[in-house]
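Colleague: Keeping their order, the protein sequence lines are chains H and W.
Here the first sequence is numbered in this note's numbering, starting from 31 and rising by one per residue.
Here the second sequence is numbered in this note's numbering, starting from 31 and rising by one per residue.
Simulated from the structure, these hints should not be mistaken for lab results.
Any given hint might turn out to be false.
Because identical chains share one entry, a pair is satisfied inside a single copy or across any pair of copies.
As a list, the in silico DMTMM-like pairs of lysine to aspartate or glutamate whose alpha-carbon atoms are at most 20 Å apart [unchecked claim]:
(1) Lys236 with Asp94
(2) Lys236 with Asp108
(3) Lys46 with Glu71
(4) Lys214 with Glu140
(5) Lys236 with Glu192
(6) Lys234 with Asp181
Protein chains: 2
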Amino acid sequence: LAPEAAAKALTEVEPKVRRRLIAALPAERAADIVERMPPDEAADLLAALPQRQSDLLLEKMERDEAADVQQLLRYEPDTAGGMMTTEFVTLPAHLTAAEALERLRGLAREVELIYYIYLVDPAARLQGVVTIRHLLLFDPGARLEEIMRRDPVSVRPDDTPERVAEITEKYNLLAVPVLGPQGKLLGIVTVDDVLTHMTALAWKWKLGHAR
Amino acid sequence: LAPEAAAKALTEVEPKVRRRLIAALPAERAADIVERMPPDEAADLLAALPQRQSDLLLEKMERDEAADVQQLLRYEPDTAGGMMTTEFVTLPAHLTAAEALERLRGLAREVELIYYIYLVDPAARLQGVVTIRHLLLFDPGARLEEIMRRDPVSVRPDDTPERVAEITEKYNLLAVPVLGPQGKLLGIVTVDDVLTHMTALAWKWKLGHAR
């Protein structure tokens, strides 16, 4: 299997099987695969491996991918920071809607959530968000900064998963941005991860109840 | 408030407040507002009103909107049928990706979930689904029938909400199609409604546990 295909296949199997498969591979090959996984899933995987092994994999990964994953490893798994991915779309605010759609073509293969575009200032502070729905609704010549939703709702990295779920649900979002100090955009939590969390929580509470 | 704005405002308030507001309005005005709500929310609202009042509102609504809502009222609230909306995007399969994007411009204002396009045959049987991601990934001249994902995963109207959540989560979907006899597309359940359900369930189970 090519590393791309192996990474995709790995995200489909149970976490326990995933850990065993990665642990059984030579470190070089394992690193090739892990760096092709979505950063949030790669971080979850590395967090579950013995420290020595995850350090070795991080060392052998491409520097950019390793840095993303290392940043995510700083957060507790059961927080917004631990749930977020650092893979999101940002585009320059001066682009027009038509230009933005064109840029998205180039990103559609790589990025997990293509439907929301985040606009940040040079200091990485979140300025607004534009959805593909906006791109279609507005004149193709309109600039992103004109059509963006300003000051979108957001969460902080230490917010609880329940808080993330509450915000996502209340505003019917496909993703919620996670902001650090000075409003810097650190990552996004996508609705599928919120749903996974709430489903796990529901069953945990139900089983606790049944005991 | 114009009926459009009133309908939008109503979907933001608590279900209990919503029922009281609608009950307090003259029937003509209430019907004008209800027919502008997403069909699944309108059905939930009418199901919670006294029978005589919901019948009166259905009578005063535009015929198309009333028919959609009446169809939804046939399903138990706690089933896939009861969770689904009949508002979804279908386009002819012979359109190209570029033509489909153009058609979506006209629909972006009205439809709740613009990111998935469902392709049906003349008997309304679901043939496949195309996402906006696909539209961006493939050549603008490619036809929808060439790029669609065939036989997408689906649920049945009497499936439980937990089954809908399981499917949505497993395949990371933004919406899951609900198929009736002969594979006819009856509606879709969007991920925000799945999340709302799972969150409510989680709390119900937690509170049950705490009691």
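Colleague: In ascending order, which of the hints set out earlier in this document are inconsistent with the structure?
Modeller: Structure breaks hints 1, 4 and 6.
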